[in-house]
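Student: Sequence:
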Amino acid sequence: MKESIAYSDLIQFYIDPLAPDSSQEKAKYRIDRASGIYLQTTNNLQIMDFTAGINGNNLGHNHPRVISAAKNQMENYARSAGYFDNSKTLYHLRKSLSEFLPPLLNSFFFSNTEEQAVEYAVWLAHSITKRPAVLRIKYCHSWQQMKTDNTPLIKVEYYHQIYESESSTYYIECCISPKNISEITKEIIISELLACIRDLICPPTKPAKLAAIIVEVGEKDKGFLLPPAVFFSAISHLCDLYGVLLILDERTTAIGRTGTMLASQALDVDPDLTIIGKAIANGFSLGCVAIRQGIVPGLLEGGWNEIEVDPISCAAALATIDVLYTENLLKNCREMGDRFLAGLHVLQKRFPIIEDVRGAGLNLSLEFIQRRNNSSPNSSAAWDLACFSLDRGLLTYCAGPQSPIVWMMPPLNVIKDQVDSALCILGQGLERI
1 MKESIAYSDL IQFYIDPLAP DSSQEKAKYR IDRASGIYLQ TTNNLQIMDF
51 TAGINGNNLG HNHPRVISAA KNQMENYARS AGYFDNSKTL YHLRKSLSEF
101 LPPLLNSFFF SNTEEQAVEY AVWLAHSITK RPAVLRIKYC HSWQQMKTDN
151 TPLIKVEYYH QIYESESSTY YIECCISPKN ISEITKEIII SELLACIRDL
201 ICPPTKPAKL AAIIVEVGEK DKGFLLPPAV FFSAISHLCD LYGVLLILDE
251 RTTAIGRTGT MLASQALDVD PDLTIIGKAI ANGFSLGCVA IRQGIVPGLL
301 EGGWNEIEVD PISCAAALAT IDVLYTENLL KNCREMGDRF LAGLHVLQKR
351 FPIIEDVRGA GLNLSLEFIQ RRNNSSPNSS AAWDLACFSL DRGLLTYCAG
401 PQSPIVWMMP PLNVIKDQVD SALCILGQGL ERI
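Just so we're aligned, residue 1 is where the sequence shown starts under the working numbering, counting upward by one.
Warning: the hint list may mix true and false statements.
Label pairs and their computed distance ranges (CB to CB) [unchecked claim]:
1) Ile-181 - Ala-78: 46 to 52 Å
2) Tyr-158 - Gly-427: 40 to 46 Å
3) Met-74 - Arg-30: 50 to 56 Å
4) Arg-79 - Asp-420: 40 to 46 Å
5) Leu-104 - His-345: 54 to 60 Å
List time: in silico DSBU-like cross-link candidates among lysine-lysine, alpha-carbon distance up to 30 Å [claimed, not checked]:
6) Lys-95 - Lys-71
7) Lys-95 - Lys-155
8) Lys-71 - Lys-88
9) Lys-71 - Lys-331
10) Lys-155 - Lys-138
11) Lys-416 - Lys-155
12) Lys-138 - Lys-349
Hint data in this document are derived by calculation from the structure and do not stem from the laboratory. Positions of the beta carbon are idealized from the N, C-alpha and C atoms, including for glycine.
Working from the sequences, and respecting the hints, build out all of it.
Tutor: Right, here's the structure in full:
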């Protein structure tokens, strides 16, 4: 029999492409248990988790009310014998969401995973419009490309799958230099987008292909980017003009992360469909599509389900929503987010390699450059800071050694002392870079 491979050797396979949580830097940090904001390692080290389980544990780890709700449901029954058995739990969950989400989002479809929610949103768009294609738009800042005086106000790059299929997915990366945001108009954005996707929206001889535009708010490799209002105004106008559905992918922003239940409320946009991820159940596996009133003819208020959803996750979701409001965590998110953001801006003034501090609520990130007169990305600084912080008991997110972004997403119930402690650790790390 061959000897089993050692853990230290196995982890070598994962060092380069992944973030620190799967790298050699974290091989020595094996988590034994977790509670609130803290992770406890097998050798009794305590680490503040400022990733909230990668935006999954908005209430922190093992929130007692969420765990209690899940245990109670498990004692009743852990798995139903058909989706109709979940009707009572789903009814209460839909009712709870309808009370706290924007009123136009009055129907909900639940799934067991975030990926199923995305698939359902796309399927629904195809079904409503009878069109085969969807377009994913990513909003970004591209510092190294957007600094010269002769650079256009907006840069749109168009990609699509290397193979053509009836249900093709197309991709656009829309970059606007922060210094040019005040000069950008809705008409400029629409004009640039149409130049790229005219073949999908209004081809000369064939019917329109485009069923939906999906806008992802927040990306794991670029931190949270808050698009300007004019960006969503342009996208919404384009969708209305050509009968295209607008889908907002809020898997990294929904359920209080920006200080409102949905980021769309902070962004002042009304999507047709909103994709919500596992934060709805504080890390238990659950996804949701919130559907705007009137886009599906005959759809009853509250919605329906054709997927058998895990009742334990539904119970956890009900408790999560209740905790958000009874503990006033949306207000705490805004207050602690302001405190954290102000502290990060202080660090930016002290350390010239911090090019940008951005975010909303408790969804914040730092972007690093080599130096002020050289806007090239500084991925080594971001990686070194993430690793130093971990050694000092602060877990942040850095999307691999090539990313110039450090992303921080503490739980919504984080307190002042924990925010100040994190800022202190980040400052110590920046002094050493």
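Student: Does each hint hold? Answer for all of them.
Tutor: For each hint, the structure was consulted:
1. Ile-181 - Ala-78: 46 to 52 Å: About 50 Å separates the Cβ atoms of Ile-181 and Ala-78, which means 46 to 52 Å holds.
2. Tyr-158 - Gly-427: 40 to 46 Å: holds, 42 Å
3. Met-74 - Arg-30: 50 to 56 Å: Violated: the Cβ-Cβ distance is about 27 Å, outside 50 to 56 Å.
4. Arg-79 - Asp-420: 40 to 46 Å: Given range 40 to 46 Å: holds, Cβ gap about 44 Å.
5. Leu-104 - His-345: 54 to 60 Å: The hint (54 to 60 Å, Cβ to Cβ) is violated, given that Leu-104 and His-345 are roughly 35 Å apart.
6. Lys-95 - Lys-71: Holds. Lys-95 to Lys-71 sits at ~22 Å (cutoff 30 Å).
7. Lys-95 - Lys-155: violated, 43 Å
8. Lys-71 - Lys-88: Holds, because 17 Å separates the two Cα atoms, which is no more than 30 Å.
9. Lys-71 - Lys-331: Distance of about 29 Å is within 30 Å: holds.
10. Lys-155 - Lys-138: Holds, at roughly 12 Å.
11. Lys-416 - Lys-155: violated, 40 Å
12. Lys-138 - Lys-349: Holds, at about 29 Å.
Of the numbered hints listed earlier, those contradicted by the structure are 3, 5, 7 and 11.
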